[in-house]
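Chain by chain, the residues run as shown.
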Amino acid sequence: MSTEQRDLELVNGYCTGSLTDAEFLELEARLRESSQLRQLLVEYRSIETALPTSLPFDSIRPSEPDAGVKDGVIRRLRFEVVALAAVVVMLAGGVFLLLPVSPVQNPVDLRRIAVVADSVGAYRAENVAIQPGESIAAGHLTLLRGVIRLDFVNGASLAVEGPAKIDVVNKMRVVLQRGVVTATIPESAIGFVVDTDTAHVVDLGTAFGVSVGNDGTTDVCVFEGEVSVSRNGSTSSEPTLVHEGQAVRALEQSSTIDSTHYEVAPFENAWPVNSGVLQTTGSMRFVSPGPDFHPGNYEDNEHIVVFPERTGFIPEEAIRVDMVDPGEYARTDYRDKPVLPSGRRLTSYLLQLDAYPEGKNPNRRRSVRGQLTFANPIVGVITMNRLLKESEAVFGLPDVSYPTPRTIEPRPEGDLRKGFDSLILAADRRTLFVELQENPGHLDQIRVLIEAEE
Amino acid sequence: MNENQENSTDHEAFLRLYTRFEGNLRAFVASLLPTWEGVDEVMQESSVVLWRKFSQFDQSAESGFLNWAFMIARYEVLKYRRRRATDRLRFSDDVFELLANTAESAIATQDQRIRLLRECVANLEPAQLELAKAVYQDGAAIKDVADKVGRTPTGLYKALARIRNRLAACVQSKLSATVTEGLT
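Going line by line, the protein sequences match chains A and B.
Note that the first sequence ends on residue 455 in our numbering; no numbers are left out.
Note that the second sequence ends on residue 197 in our numbering; no numbers are left out.
Any given hint might turn out to be false.
Below, in silico cross-link-like pairs of lysine-lysine (BS3-like), each with a Cα-Cα straight-line distance of 25 angstroms or less [as the list claims (entries may be wrong)]:
hint, chain 1, residue 1, chain 2, residue 2
1, A, K390, A, K338
2, A, K166, B, K92
3, B, K171, B, K161
4, A, K166, B, K66
5, B, K156, B, K187
From chain B, some residues computed to sit far from chain A (all C-beta separations above 12 angstroms) [to be verified]:
hint, residue
6, N37
7, P47
8, E50
9, A74
10, G77
11, N80
12, M84
13, Y88
14, C133
15, Q150
Think of the hints as simulated: they come from the structure by calculation, not from any bench.
C-beta atoms are modelled at their ideal positions from N, C-alpha and C, and glycine is treated no differently.
Same shape as in the complex, but just chain A:
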């Protein structure tokens, strides 16, 4: 093979990212000695950059209908419209979104990076409501108030609580200028980065929260797994590994990453949205984000605490439940309970009121009520002790000992006495109203099964 042919091979291998380490070193050596090869590499990359806009859009279609490719073209064109609209908005409103978009770009730029999966009272700059389903391209987002959940194309999920200013750089990186985010990062997005002025946070497969205060202080709390945190703006800063249950802080005036108290209060509004719970009101509270919090060890006798269980799980067996339709729960016989067929993708949550005796009046009877709204429809609610046990085998967290017995006492028909429990599934099928009365030392639990996204 001639040197020229070998050069072509190396440059093409570089373009497709298929070079071995040895070949890459060979290319480097050749680039050092040959200005011609440097020009060749620059030309090839220039061709690759220009190809998306140089190829015809409609001249030839595949000989057989090709849904995947066709879909790609449609998505791309739709995105171009959005991008152009963004430019118009920029000029008309004097608002500059970080990405100045030209009419046609590399398709990688044109794909949406994330979608607004949920929006809870969220407004962007100029008081425009943010709607679920909105596409998020690279650029800046000012969130005046509320919480949104951004689902990235690579599976990363970020809840952002306003007021916040955030730059979405690409599918693997955001820059948080101010505000609070919580993140759940699946394997497909390991390496996801949250940058702030003072900290460079790299996910290592985990769930975590980052907040940036008005004074520029960055706090990082790791709920599960671990993250790497280094000081932004300091070349000498070694990354610090932060494990679940730990927290670190980066102050503007300091050049180090310092350990700090594991304080999750700043993340308690955003974190439920990450977990598919849009709103809790009254005495309903989503469990604090953190490692090893489960129904057996979580101490709170003033609230109905919501614990996430299995996510996006497809049970192989049918699941018997207490209620599936909107309305108020009434006691029924076991054999009359509705059954959810197997093979449906579900996410499970456990609601718990644990009235353990405590304080000056340990024998006080607890009476709490609250409302809980999920992002997705509720497909089944389980309250009966036997059904809770049965479903625990399917949806319960492994290695967690679920406390028993659990009892919900709905009001018998026609009984007007006080002191019964009430459970109402709203017509929107996403909201649950719960009122529980419990004697000290007793426990109420309700398992809620939600339709999971595919």
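Given the coordinates of chain A, work out where chain B should sit on it, guided by the hints.
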């Protein structure tokens, strides 16, 4: 002119220049980084910095925009390289400098090359055109395309190499012809 009007004029001026030269800037960055993901990230960062510093740019000398943009993009590539210091395909500093200089000087004929590339694309075989569109226009992964057309990824890498070689040779040949015509 009030502040809002000034901002709006600045936006328009910036967008006009950025849109005009974005392809050149992207080609410059792509010459220095092996992955499109890296190119995208640096382009995003560069666009932000360019906008933030646009007030410092002398708009009376529009022709200087690209050199100014190259300087900023070069710095952003360096920052990206520092963040990705352990990447496997990362040129040594000396090779990086050589390539950056070559990429900057390539601007002289780049616009003409892109015009010629459009002509050359018309000469591709239908199957080559299909493959190029799937990969470069639709952004499909090689493995997915390989699955669809029943070929191996290695076979497609080779097919893509032939497409690039053919297009590069065609552009070079047309460019040489243009230069020759100009001389006669």
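Hint-by-hint comparison with the structure:
1. For the hint linking K390 (chain A) to K338 (chain A), the alpha-carbon distance of about 15 angstroms falls within 25 angstroms, and the restraint holds.
2. Of the supplied pair hints, the one linking K166 (chain A) and K92 (chain B) holds, its CA atoms being roughly 23 angstroms apart against a limit of 25 angstroms.
3. A distance of roughly 17 angstroms separates the Cα atoms of K171 (chain B) and K161 (chain B); the hinted pair therefore holds under the 25 angstroms criterion.
4. With a CA separation close to 20 angstroms, the supplied pair K166 (chain A) and K66 (chain B) stays within the 25 angstroms bound.
5. Between K156 (chain B) and K187 (chain B) the alpha-carbon distance is near 33 angstroms, which puts this suggested pair outside the 25 angstroms criterion.
6. Distance to chain A contradicts N37 (chain B) as a non-interface residue, since its nearest Cβ pair spans about 9 angstroms, not more than 12 angstroms.
7. Its closest Cβ contact with chain A, about 6 angstroms, brings P47 (chain B) to no more than 12 angstroms, contrary to its assignment away from the interface.
8. In this structure E50 (chain B) is not separated from chain A by more than 12 angstroms, as the shortest Cβ-Cβ distance comes to only about 7 angstroms.
9. Non-interface call for A74 (chain B) relative to chain A: holds, since the shortest CB-CB distance, roughly 20 angstroms, exceeds 12 angstroms.
10. Every CB of chain A is more than 12 angstroms from the CB of G77 (chain B) (nearest about 18 angstroms), matching its label as outside the interface.
11. The Cβ of N80 (chain B) lies farther than 12 angstroms from every Cβ of chain A, with a closest approach of about 16 angstroms, so its non-interface assignment holds.
12. At roughly 17 angstroms, the least C-beta separation between M84 (chain B) and chain A is larger than 12 angstroms, which holds for a residue marked as non-interface.
13. Against chain A, the non-interface label of Y88 (chain B) holds: every CB pair exceeds 12 angstroms, the least being about 14 angstroms.
14. The non-interface label for C133 (chain B) is inconsistent with chain A: the shortest C-beta to C-beta separation is roughly 8 angstroms, within 12 angstroms.
15. Listed as a non-interface residue, Q150 (chain B) fails to keep its Cβ farther than 12 angstroms from every Cβ of chain A; the least gap is roughly 5 angstroms.
The structure shown violates the earlier hints numbered 5, 6, 7, 8, 14 and 15.
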